[in-house]
Amino acid sequence: MTFELTGASRRDFIQASASAAGLMLTFSIAPKAGAADAGVKPLNAFVRVAPDGVVTIMAKNPEIGQGIKTSLPMIIAEELDVPWEMVRIEQADNDPKTYGRQFAGGSMATPLHWDDHRRVGAVARAMLIQAAALAWNCPAGECVTDKGMVIHVATKRRATYGALAAQCSAVTMPDPKTVALKDPKDYRIIGKATPQYDTAKIVSGQPLFGIDVKRPGMLYATYEKAPVFAAKVAACDLDAARAVKGVRGAFVVDGGTALDGLLPGVAVVGDSWWAARKGRKQLATKWAEHPTSQQSSAGFAKRAAELAAGAPQMVTRHDGDVDAALKGAAKTVKAAYAYPFIAHVPMEPQNCTAEYKDGKLEIWAPTQNPESGRQLVARTLGLQPDDITIHMTRCGGGFGRRLSNDYMVEAAWIAREAKAPVKLLWTREDDLHHDFYRPAGFHFFEGGVDAAGNIVAWKNHFVTFGDAPDKPASSAGMSASEFPARFIPNYQLGMSAMPLGVPTGPLRAPGSNALAFVMQSFIDELAEAANADPIAFRLKLLGDQQMVGGSGGYNAERMRGVVKAVAEMSGWGKTKLAARSGMGTAFHFSHMGYFAEVVQAHVAADGQVKVDKVWVAADVGRQIVNPSGAMNQVQGAVIDGLSAALFQKVTIENGAAVQANFDVYPLLRMADAPPVEVRFLKTDYPPTGLGEPALPPAIPALANAIHAATGVRLRELPIDTSLLKA
Amino acid sequence: MAYRLNVNGKVLTADVDDDTPLLWTLRDTLGITGPKFGCGVAQCGACTVHIDGAPMRSCSVPVSAIPAGAKIVTIEGMAADPVGRKVQAAWSELDVAQCGYCQPGQIMSATALLKAKPRPSDADIDAAMSGNICRCATYNRIRAAIKQASGQPVEA
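Those sequence lines, one after another, are chains U and X. My numbering applies: residue 16 is where the first sequence begins, and numbers increase by one. My numbering applies: residue 215 is where the second sequence begins, and numbers increase by one.
With the rest of the complex left out, here is chain U (with noise of 0.2 Å):
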């Protein structure tokens, strides 16, 4: 769920967050021109207020389960003080011009427009308050309001927000800049755990998600495209696919070589999707040649392990004196560690509605980042960005999967070929051979604890995926500062890479989600060598600073109070676990959150994991939007590691992906569900988002539990139970 952070995309995220820090509105508060109807006044581009007092707020963002759609109208509300009950929420379509970026990713919507969302809120509020003024001959410092209404205090004259709305084309809009704030003392809507505005829709399953659109004279489309990414369609039988019944079309698509592009494939179009996947099955395609077909998941490994014996290509980072420092400790650790390529999978497998008519281009989009899909379409078709409209619908999960916007070219480039609107849909086989997968990655450790228990020598030879060390493939990369970097006087970050043919990308804390496994779990192995608490060693580790690596650093104060919380919550230390039950813990700062967790979990004699309970000590600021949506968010992503770390891997094989759905990719389920339980620290820090920053120290947590109860360390994800037998 957020974006690479390198090229432009980086540049776009340090401008945003600058002008968010600087209290700036990112966009424009300005109404949009015809966003009026009848009556329906709008205040601005995110408020129209109707004469019955219903408010209808704009919902910028992609919805993808994060609760955005809620979470960000209802900070609009608070500040508009309007009740909860008065307000509709309606999701706007792609439009930059009015909303600035419209994208799920990083988890910074909160800290993005926390500020921004709450002035478009207070503006239209005082906008409000001076028609009342202006009607009541009187000043706009002698009203207040409540409730959705305005009210002069002394004389108690009331007026509906509806019945003002129409008067506000007559006052000025004040400086969102010095607009008055609520004091959060007063906060009605803010804090208050409050269900998704689509529950009802969502319970009843009314059409909501991109899956569910239909156009008139809408036709249905697949598309396969080779096993080895990129690869061309080489022969293939179309008449056979035309000849199926309810086929109403079969053509081959030249494609490109950027992976993530309209890449070569065959199309079938039918009157439904039945019918065009069964016209596929008669394709017969054949592909050509590719000179990454003979990449493996099991050469990577082995090319891994040749290149870790030598000194890495590049040493992105080092402090102090590593190889004098490990000669000097007291005991030294050598340890390898290894993670998979994974896939989103979200549950609405990828699809998208095109329109292509007269020269412009109407899609309707399950995405995570519209404008970029956008300007790929644009590109791809030789169209103008101004003549394609992206509505948004409700996705069906993003995970990152969704930043890539390769179905939408898909669906543009079939829609525009058959002449008529076109909803391409996925096989779930489509979305597991065709991700932008989660890299896997290989490190290769050497550390090092002095007498009193402090690590002295932290080496890492981190083996990844690029042209070069410092050309990562997408979400391959490793900051030089990632912890524990700065925490050890004895620091050596080498990297090496290898050519790859298999497409990344971003999943759900992207980096974190593979590097706490490894930073966490080798910790967990040093404090073993140094005969030490895993807690009380990992405070040891944090220091006594408040920040580390100065101002936007690393908030050590932070991680220890989550530590010390976490500690006590789960009992750490004085429970009486049964014999093969153990606890583990691990600490992740990710997406400017600060999280720390332990799970216990039980190993069966014939290996088999069962996690018996979480617990999390989470902090992301003063201010939690929506309780309801943030506990669910923790509980999810919690989850959603455990599920990464017993299951799942995809394999390359002939520079292909292997698993093709959910029998061979298994995913968690209710029975293997543990109990989360969470605890948000209130610190007096700006608030910040939840969609990410709670996985990364699920996984570590686990493997370290798992040592606990068993005595053996798992370095390799997802964990093999072959090794945990009894």
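Worth flagging that the hints you see were computed from the coordinates, not collected in a lab. Wrong hints could be hidden among the right ones.
What the hints assert, rightly or not - Derived, one-sided and incomplete: chain U residues facing chain X with beta-carbon distance under 8 Å:
{"no.": "1", "residue": "Gly206"}
{"no.": "2", "residue": "Pro210"}
{"no.": "3", "residue": "Ile217"}
{"no.": "4", "residue": "Pro222"}
{"no.": "5", "residue": "Trp289"}
{"no.": "6", "residue": "Thr300"}
{"no.": "7", "residue": "Met362"}
{"no.": "8", "residue": "Glu363"}
{"no.": "9", "residue": "Gly411"}
{"no.": "10", "residue": "Gly651"}
{"no.": "11", "residue": "Gln674"}
{"no.": "12", "residue": "Leu683"}
As the list claims (entries may be wrong) - Simulated coverage check for chain X against chain U, where a stretch passes if three residues somewhere in it have a Cβ under 8 Å from a Cβ of chain U:
{"no.": "13", "region": "246-257"}
{"no.": "14", "region": "265-278"}
{"no.": "15", "region": "285-294"}
{"no.": "16", "region": "347-357"}
Said to hold, decoys possible - As a list, the in silico DSS-like pairs of lysine-lysine whose alpha-carbon atoms are at most 27 Å apart:
{"no.": "17", "chain 1": "U", "residue 1": "Lys625", "chain 2": "X", "residue 2": "Lys361"}
{"no.": "18", "chain 1": "U", "residue 1": "Lys229", "chain 2": "X", "residue 2": "Lys224"}
{"no.": "19", "chain 1": "U", "residue 1": "Lys207", "chain 2": "X", "residue 2": "Lys224"}
What you are looking at is a predicted structure, and each value in this text was computed from that prediction instead of being measured. Glycine is no exception: its CB is placed at the ideal position from the N, C-alpha and C atoms.
Could you slot chain X onto chain U? The hints should help.
Just chain X now, kept in the frame of chain U:
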């Protein structure tokens, strides 16, 4: 050929090939889109409907295999079902969903469970819900909602 299907108490006609799964007959031919496509191989449960009261994965039931006169009930029919309504209410009150895509299938499985076992144990819940994947992993709340709908105490 033309199949007459009793869906949510109405007899509807669908002219589809014999091998067309019920899921696609419902979604593309009859416009009943509550049942969702997730895997196509009866692994994820997003497409769960009731056929004569039994929870079935509609992606893997060809329309020709449905007995004549069988009563098919989808998530759209739950509002007319007293147990289904209770389950939906619990799902709403506990704000179970994240993305919401799997939840129609979860609700169908939970409703079938509660009809068979009005006060299910944790083990009953594990067994009955094991065919439904929630990729967002809302399992804690699904369990709580089933308990709430069955009048049992709900752990925080």
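Now the hints, each set against the structure:
no.: 1; hint: Gly206; in the structure: violated, 15 Å
no.: 2; hint: Pro210; in the structure: holds, 4 Å
no.: 3; hint: Ile217; in the structure: holds, 4 Å
no.: 4; hint: Pro222; in the structure: holds, 5 Å
no.: 5; hint: Trp289; in the structure: holds, 4 Å
no.: 6; hint: Thr300; in the structure: violated, 20 Å
no.: 7; hint: Met362; in the structure: holds, 4 Å
no.: 8; hint: Glu363; in the structure: holds, 5 Å
no.: 9; hint: Gly411; in the structure: holds, 3 Å
no.: 10; hint: Gly651; in the structure: holds, 4 Å
no.: 11; hint: Gln674; in the structure: violated, 12 Å
no.: 12; hint: Leu683; in the structure: holds, 7 Å
no.: 13; hint: 246-257; in the structure: holds (count 10)
no.: 14; hint: 265-278; in the structure: violated (count 0)
no.: 15; hint: 285-294; in the structure: holds (count 5)
no.: 16; hint: 347-357; in the structure: holds (count 11)
no.: 17; hint: Lys625(U) to Lys361(X); in the structure: holds, 22 Å
no.: 18; hint: Lys229(U) to Lys224(X); in the structure: holds, 22 Å
no.: 19; hint: Lys207(U) to Lys224(X); in the structure: violated, 42 Å
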